[in-house]
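Peer 1: Residue numbers (the numbering used here), protein chains in the order written: chain A, 248 to 556; chain B, 248 to 556.
Heads up, a few of these hints could be off.
Said to hold, decoys possible - Below, in silico cross-link-like pairs of lysine-lysine (DSS-like), each with a Cα-Cα straight-line distance of 27 Å or less:
1) K327/A x K356/B
2) K353/B x K327/A
3) K356/B x K353/A
As the list claims (entries may be wrong) - Each pair of labels, with its calculated beta carbon distance range:
4) L524/B x G355/A: 49 to 55 Å
5) G355/A x D462/B: 40 to 46 Å
6) K372/A x G473/B: 58 to 64 Å
7) I534/B x K372/A: 40 to 46 Å
8) T324/A x G473/B: 41 to 47 Å
To be verified - Only some residues are given here: those of chain A computed to face chain B with a beta carbon under 8 Å:
9) F285
10) D321
11) L326
12) G355
Note that these hints are calculated values from the structure, not bench results.
Note that the Cβ used here is the ideal one computed from N, Cα and C, for glycine as well.
There are 2 protein chains.
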Amino acid sequence: MTILALTGGVGGAKLSLGLTHVLTPNEITFVVNVGDDFEHMGLSISPDIDTLTYTLAGVVNEATGWGRADESWDCLTELKSFEADTWFQLGDRDLALHLFRTALLKRGKSLTEVTDIVCSRLGVKYKVAPATDASLRTRVVTDQGSLAFQDYFVRLKCEPKVSELEYHQRTIASLSPAIDPDDVSGVVICPSNPFLSIDPILELDEMRSLLTNRDFPVVAVSPIVGDRAIKGPTAKMMREMNMSATCAGVAQHYHELLDGYVIDDIDAHHASEIEALGIRIRNAPSIMRTIEDKVALAKVCVDFLEELR
Amino acid sequence: MTILALTGGVGGAKLSLGLTHVLTPNEITFVVNVGDDFEHMGLSISPDIDTLTYTLAGVVNEATGWGRADESWDCLTELKSFEADTWFQLGDRDLALHLFRTALLKRGKSLTEVTDIVCSRLGVKYKVAPATDASLRTRVVTDQGSLAFQDYFVRLKCEPKVSELEYHQRTIASLSPAIDPDDVSGVVICPSNPFLSIDPILELDEMRSLLTNRDFPVVAVSPIVGDRAIKGPTAKMMREMNMSATCAGVAQHYHELLDGYVIDDIDAHHASEIEALGIRIRNAPSIMRTIEDKVALAKVCVDFLEELR
């Protein structure tokens with residue numbers, strides 16, 4: 248039986264790395280958001296899969312949480328001199344993965360197969376699965392119109408005011424064949440952006456149905472600590488969508504999906520509000536700076552699942 | 248009125264650079280082979296256009312004659328670790344041009360427009376025109392079957408034995424709109440491979456008809472010096488196709504197209520054989536090592552055209 252960890256990029260990848268120190272490759276599958284995937288200058292780019300893969304392979308840039316360590320930027324420098332689009336940070340080493348993925352997809356490989364090959368070449372022994380092989384693209388409906396995710400997130404730096412998210416093709420997209428719905432013993436929802444990273448996974452009909460008719464527990468880790476997003480626009484988006492930008496607001500958003508919820512000690516005062524929703528609470532330090540932080544938080548999640556089983 | 252210089256990559260680019268020292272941007276248009284163009288890992292690559300553009304921009308790698316000076320190879324190093332196709336030498340800086348071109352083509356720009364933009368961004372004031380905007384792909388028929396050009400040239404290092412060349416779409420492809428057939432005062436055929444670089448231009452119906460019904464002279468510079476190709480597989484291919492692998496053999500191949508032919512001093516003994524074809528001869532040092540060599544040979548070509556006019 249396998250635990251599924253639902254994850255986006257940077258924050259989710261930190262907990263995911265922790266989980267690999269607590270569980271063996273047979274015990275966990277990482278289900279990664281593909282709603283941020285896009286085509287850029289002919290390249291097929293999967294930012295969240297790459298961040299997770301680089302993190303698990305130990306080659307991620309620790310300072311940013313994404314991209315390659317020891318990166319060089321000669322290509323991007325030249326692109327600037329061409330006055331080309333350079334809002335997406337294409338490092339020279341990172342480019343190799345985009346080219347490799349693009350070539351394999353063009354040869355007819357699925358994103359699941361490509362991700363498997365990339366993990367194997369980078370020495371990642373854990374199973375990393377795109378949520379779906381379908382081309383699922385999140386659109387962000389804002390005061391500046393409906394934007395492709397990367398337009399909103401990278402090019403416009405999350406500045407437009409969000410009113411709604413759109414997850415295209417969610418009803419027809421199948422789960423990646425790397426995910427076995429009959430073999431799930433629990434789910435960890437990583438502390439990623441609920442709207443941009445987790446909902447595009449949850450909105451897949453097959454995932455929704457797996458989580459609705461289940462005999463295994465689901466726990467989430469709050470991406471909001473001390474009423475602020477650890478990273479990224481989660482809190483800003485929640486305010487814009489008239490939600491409470493707290494760990495409790497996120498719990499309300501996931502609500503019936505959750506059996507357990509891990510919040511930071513600093514947010515203990517939100518506990519009763521969340522427990523009123525029928526969700527069990529575990530307090531644990533949730534800001535992951537060191538590998539020890541990541542492993543400790545991962546252990547809390549796995550123990551919590553065991554307790555709820 | 249404009250001189251057209253028909254050129255492929257390295258050898259042709261050397262003479263082309265010389266021509267820019269002898270003629271102003273209004274006086275010459277470079278018409279470049281696109282039969283070597285190909286798609287690689289999602290990128291649209293035009294090797295001959297790039298070699299010429301880099302050469303005229305002064306950023307070419309002088310040691311190889313192609314690619315960028317001060318190149319770095321971090322992307323290619325990573326591609327090797329992915330066990331990806333690395334037979335095509337993708338430098339980090341060079342990649343920027345491939346990405347930029349690919350992005351512009353995807354936005355609906357023609358190759359003529361893209362080439363114009365690239366030249367302008369690289370500070371090249373001369374008009375560089377792809378022979379055609381059509382997707383013209385040379386195939387090399389060999390003892391190992393019919394091969395895409397890059398397969399033959401780069402991946403298989405010109406080792407297969409050539410029996411024939413195939414120029415697809417040649418009858419339907421139009422000349423680039425950057426070429427004005429009514430404004431031509433002369434043609435220089437650069438010392439590029441006749442089969443791989445020049446014939447794919449000559450085989451375009453509009454070019455063939457321009458050169459057949461003309462009131463301007465055409466001169467070529469022999470790519471064979473001392474019965475050897477200066478660079479690349481010209482002589483080897485000629486032997487395989489049962490042609491005389493000499494400057495005279497190339498003259499016979501071009502034959503009725505030529506009014507004048509520039510051969511190296513070392514090949515003076517071939518002169519009478521070529522003159523018997525009704526082609527005028529000019530002897531000049533044809534191995535271009537220094538910029539002075541290039542300018543001197545270019546001047547011979549331009550003076551020769553003037554004389555034949």
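Peer 1: Run every hint past the structure and note whether it holds.
Peer 2: Tested hints:
no., hint, in the structure
1, K327/A x K356/B, "19 Å, holds"
2, K353/B x K327/A, "19 Å, holds"
3, K356/B x K353/A, "22 Å, holds"
4, L524/B x G355/A: 49 to 55 Å, "51 Å, holds"
5, G355/A x D462/B: 40 to 46 Å, "53 Å, violated"
6, K372/A x G473/B: 58 to 64 Å, "59 Å, holds"
7, I534/B x K372/A: 40 to 46 Å, "56 Å, violated"
8, T324/A x G473/B: 41 to 47 Å, "43 Å, holds"
9, F285, "13 Å, violated"
10, D321, "4 Å, holds"
11, L326, "5 Å, holds"
12, G355, "14 Å, violated"
In terms of the numbered hints stated before, the structure departs from hints 5, 7, 9, 12, listed from lowest to highest.
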